[in-house]
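Full structure from sequences and hints, please.
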Amino acid sequence: MSARERILARIGTAIGNHDAEIDAYLVEHPRGPAPALRDNLITHFRERALQLSSDVIEVAHPGEIPAQVAHYLAERGLPPRGACWPVVGSLPWGEANLEIAVRGANSQDMVGITGTFCAIAETGTLMMLSGPETPPSNSLLPETHIAILNTRRIVASMEDAWDLLRKEHKAPPRAVNFISGPSRTADIEQTVTLGAHGPYRVLIILVNA
Amino acid sequence: MQVSSIHFKRSVTEKLNDEKLQNALSRLQTRFVEGRAAVIGEIADFEETRTAAAAIRDRVLKNLDQWLLHFEQQAIARGALVHWAESGADVNRIVTEIATLHNVRRVAKSKSMVTEECGLNEALEHAGVEVVETDLGEYILQLAHEAPSHIVAPVVHKNKEDIADLFAEKHQLPRKTGIPELCREAREILRPAFLAADMGISGANFLIAETGSALIVTNEGNGRLVTTLPRVHVAITGIEKVVPTLEDVTTLLRLLPRSATGQSITNYVSMLTGTKDAADHDGPEHFHIILVDNGRSSLLGGDMQSMLRCIRCGACMNHCPVYQNIGGHAYGWVYPGPMGSILTPTFVGLENAPDLPNASTLCGACGVVCPVKIPLPDLLRQLREKQMSLGLKSWQEKLALKLWGWMARRPAVYAMVIKITVRILHFAGGKERMLHHLPGASGWTAGRDMPAPQGKTFRELYRQRKLS
Ligand code: SF4
Numbered sequence: 001m002s003a004r005e006r007i008l009a010r011i012g013t014a015i016g017n018h019d020a021e022i023d024a025y026l027v028e029h030p031r032g033p034a035p036a037l038r039d040n041l042i043t044h045f046r047e048r049a050l051q052l053s054s055d056v057i058e059v060a061h062p063g064e065i066p067a068q069v070a071h072y073l074a075e076r077g078l079p080p081r082g083a084c085w086p087v088v089g090s091l092p093w094g095e096a097n098l099e100i101a102v103r104g105a106n107s108q109d110m111v112g113i114t115g116t117f118c119a120i121a122e123t124g125t126l127m128m129l130s131g132p133e134t135p136p137s138n139s140l141l142p143e144t145h146i147a148i149l150n151t152r153r154i155v156a157s158m159e160d161a162w163d164l165l166r167k168e169h170k171a172p173p174r175a176v177n178f179i180s181g182p183s184r185t186a187d188i189e190q191t192v193t194l195g196a197h198g199p200y201r202v203l204i205i206l207v208n209a
Numbered sequence: 001m002q003v004s005s006i007h008f009k010r011s012v013t014e015k016l017n018d019e020k021l022q023n024a025l026s027r028l029q030t031r032f033v034e035g036r037a038a039v040i041g042e043i044a045d046f047e048e049t050r051t052a053a054a055a056i057r058d059r060v061l062k063n064l065d066q067w068l069l070h071f072e073q074q075a076i077a078r079g080a081l082v083h084w085a086e087s088g089a090d091v092n093r094i095v096t097e098i099a100t101l102h103n104v105r106r107v108a109k110s111k112s113m114v115t116e117e118c119g120l121n122e123a124l125e126h127a128g129v130e131v132v133e134t135d136l137g138e139y140i141l142q143l144a145h146e147a148p149s150h151i152v153a154p155v156v157h158k159n160k161e162d163i164a165d166l167f168a169e170k171h172q173l174p175r176k177t178g179i180p181e182l183c184r185e186a187r188e189i190l191r192p193a194f195l196a197a198d199m200g201i202s203g204a205n206f207l208i209a210e211t212g213s214a215l216i217v218t219n220e221g222n223g224r225l226v227t228t229l230p231r232v233h234v235a236i237t238g239i240e241k242v243v244p245t246l247e248d249v250t251t252l253l254r255l256l257p258r259s260a261t262g263q264s265i266t267n268y269v270s271m272l273t274g275t276k277d278a279a280d281h282d283g284p285e286h287f288h289i290i291l292v293d294n295g296r297s298s299l300l301g302g303d304m305q306s307m308l309r310c311i312r313c314g315a316c317m318n319h320c321p322v323y324q325n326i327g328g329h330a331y332g333w334v335y336p337g338p339m340g341s342i343l344t345p346t347f348v349g350l351e352n353a354p355d356l357p358n359a360s361t362l363c364g365a366c367g368v369v370c371p372v373k374i375p376l377p378d379l380l381r382q383l384r385e386k387q388m389s390l391g392l393k394s395w396q397e398k399l400a401l402k403l404w405g406w407m408a409r410r411p412a413v414y415a416m417v418i419k420i421t422v423r424i425l426h427f428a429g430g431k432e433r434m435l436h437h438l439p440g441a442s443g444w445t446a447g448r449d450m451p452a453p454q455g456k457t458f459r460e461l462y463r464q465r466k467l468s
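Protein sequence lines, in the order shown, are assigned to chains F and R.
So the first sequence is residues 1 to 209, counted in our numbering.
So the second sequence is residues 1 to 468, counted in our numbering.
Keep in mind that the hints were calculated from the coordinates and are not lab data.
Hints may contain errors.
Some chain R residues judged to face chain F by a derived CB distance under 7 Å, without partners named [to be verified]:
1) R27
2) E47
3) G88
4) V155
5) A164
6) E220
7) N222
8) L225
9) D280
10) D303
11) L401
12) W404
13) R410
C-beta: ideal position from N, C-alpha, C; glycine also.
Pasting the structure below:
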């Protein structure tokens, strides 16, 4: 008998033979209790994102994004260079004097630019799906992560986000990453310090289009 | 990890006299206990959510074999390989074999309590594989050759001065004193380790049967790095960690960070399913998942089964007056606090951890805060009963309880003995009405005085009042 069979046999003997309605439960996948949101989704999302130490700016049109990014980086003395997801590669980065390579980020890149699959108002969280056009490295390796988010893609809860995933994709991609602000650690004296192994800052650009 | 729970009592005295530790533990209380209290209000009906979470965990345990099989099937369909390990030694063997198979020289590891159970790092190093812990707390412990003292904040027992000294010595860099500078230094030392690693090892907070995914919560981002950059990823977790659906994991995620660190959500929640596609820029080519029993299945079907609901949030230890005073190391194994006082004796044997079920005041705080409603005080009481029936108590304790039992069944004798005792103690209390010593309880009176009884028993006073 293999370890697998022995473990399963032990479990089986201990719990007896139940009639598991596994398939029915998976089809139904019921939701648990979720908190109700007081404000509208965009207001709530923005408020929560700020609480998590993300920076948030709003633009009316995608064309304004490069200038806003250039301004944000200059204000903080950060280099006007980085790597962006192919899906946002066509924005006029050069017009704002930014050198943005269209590719997955590496450890030398100081700025990583991404889109966002959707965002969760309840917690101020961004949801990212991995893929050839949407590599996770861009939101992970650089010290600054800039995420572009269409306000129509803000949903109330993580449950709503899963529904969107189920509707638009057959199965989850290799990595689904929920991002809630810059990376942090509180391991030393339980004192929260921003910028652990991931980005030191996260800028969310809300596009009201 | 070696079990040293047998030395609990000796260790406790040491810890109580350790001033640095006492300061560190009070920090835990303010940050985590107050932090939790502040964020649970965000959920309108916290109790309802706890009940739902307990039901989700019970649903899984009731049919654990079938949920595991469903998980395995889904995970394999997405290209992961699923291994089953009966013991810590199995885990070490499987991981070493995977390392050999993929020609692995360097491993970057994110925090995993299960691998602490197995002593995996030593086993890998023995096989010539270099292992770097990348969670800041675990990295500090690896440098200092120490064990974690908390399941969420592993290095809570050290202050920043200790860490500054350690870094200066091990990194051979000028000594930093600010916490942000220390974190920056660790980041810069560890980044090359992530990039050079052939294999990433992580735990998994949950396994999702619906999708065959492993889900990891982290704040630092090291969990994302070890599961994104190396060409091999191994996720190691207990068999009880499976949950049915994405909705179920969401309910549990509303409770886990809130109960653990007082956060509404951790910085990163990463759900990993299968391996990278040819066109992907990043992600591992090989994904192994190891399902670990190591004593867990023996809790099923018995009176300790509800302990398997545990989602390792640490709230029970943060709120425990015993843990708050002695820290985690005194418990002598991987899991401290109330959850450890149940897990350690059940995993490694009651006879190897005789003090742990008694390392509780039964104040009930742990049971109140546990997000999955594990009746921790009840379980501790049951372990005490088991100790009694197995004859694992000292002869003094057994004799005392026997005498008390005999007396309690004879009200007249009971009344008389109490009457005499109360009078003796009243006399011994003297003018101060305080007892500085009690025969047979010198440990208790070493640190405090006991107010002396006032000369009459409750029953005597009661009768008097009724008459007057
Ligand atoms: S027993 Fe409950 S409170 Fe303690 S770690 Fe487990 S889930 Fe958290």
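Now for the hints, and whether the structure bears them out:
At a threshold of 7 Å, the smallest CB-CB gap from R/R27 to chain F is about 5 Å, leaving the interface hint in force. Given the 7 Å rule on beta carbons, the hint for R/E47 is violated: about 10 Å separates it from the nearest Cβ of chain F. Below 7 Å, beta-carbon pairs count as interface contacts, and R/G88 has none with chain F, the closest being about 13 Å; its hint is therefore violated. Contact between R/V155 and chain F, as hinted, is supported at the beta carbon level, the nearest pair being about 6 Å apart and thus within 7 Å.
Annotation: interface hint on R/A164 violated; nearest CB of chain F at approximately 9 Å, more than 7 Å. Against a cut-off of 7 Å between C-beta atoms, the interface hint on R/E220 holds, since the closest Cβ of chain F lies about 3 Å away. Given hint, R/N222 at the interface with chain F, holds; its Cβ is 5 Å from that chain's nearest Cβ, closer than 7 Å. The interface hint given for R/L225 holds, since its Cβ lies 6 Å from the closest Cβ of chain F, which is under the 7 Å cut-off.
A hinted interface residue such as R/D280 counts as satisfied when its beta carbon comes closer than 7 Å to some beta carbon of chain F; here the least separation is about 6 Å, so the hint holds. The restraint placing R/D303 at the interface with chain F is violated, with a minimum CB-CB distance near 12 Å, outside the 7 Å limit. The beta carbon of R/L401 is not positioned within 7 Å of any beta carbon in chain F (closest approach about 32 Å), and the interface hint is therefore violated. Interface hint status for R/W404: violated, as the beta-carbon distance to the closest one in chain F is roughly 36 Å, over 7 Å.
A hinted interface residue such as R/R410 counts as satisfied when its beta carbon comes closer than 7 Å to some beta carbon of chain F; here the least separation is about 43 Å, so the hint is violated.
The earlier numbered hints that this structure contradicts are 2, 3, 5, 10, 11, 12 and 13.
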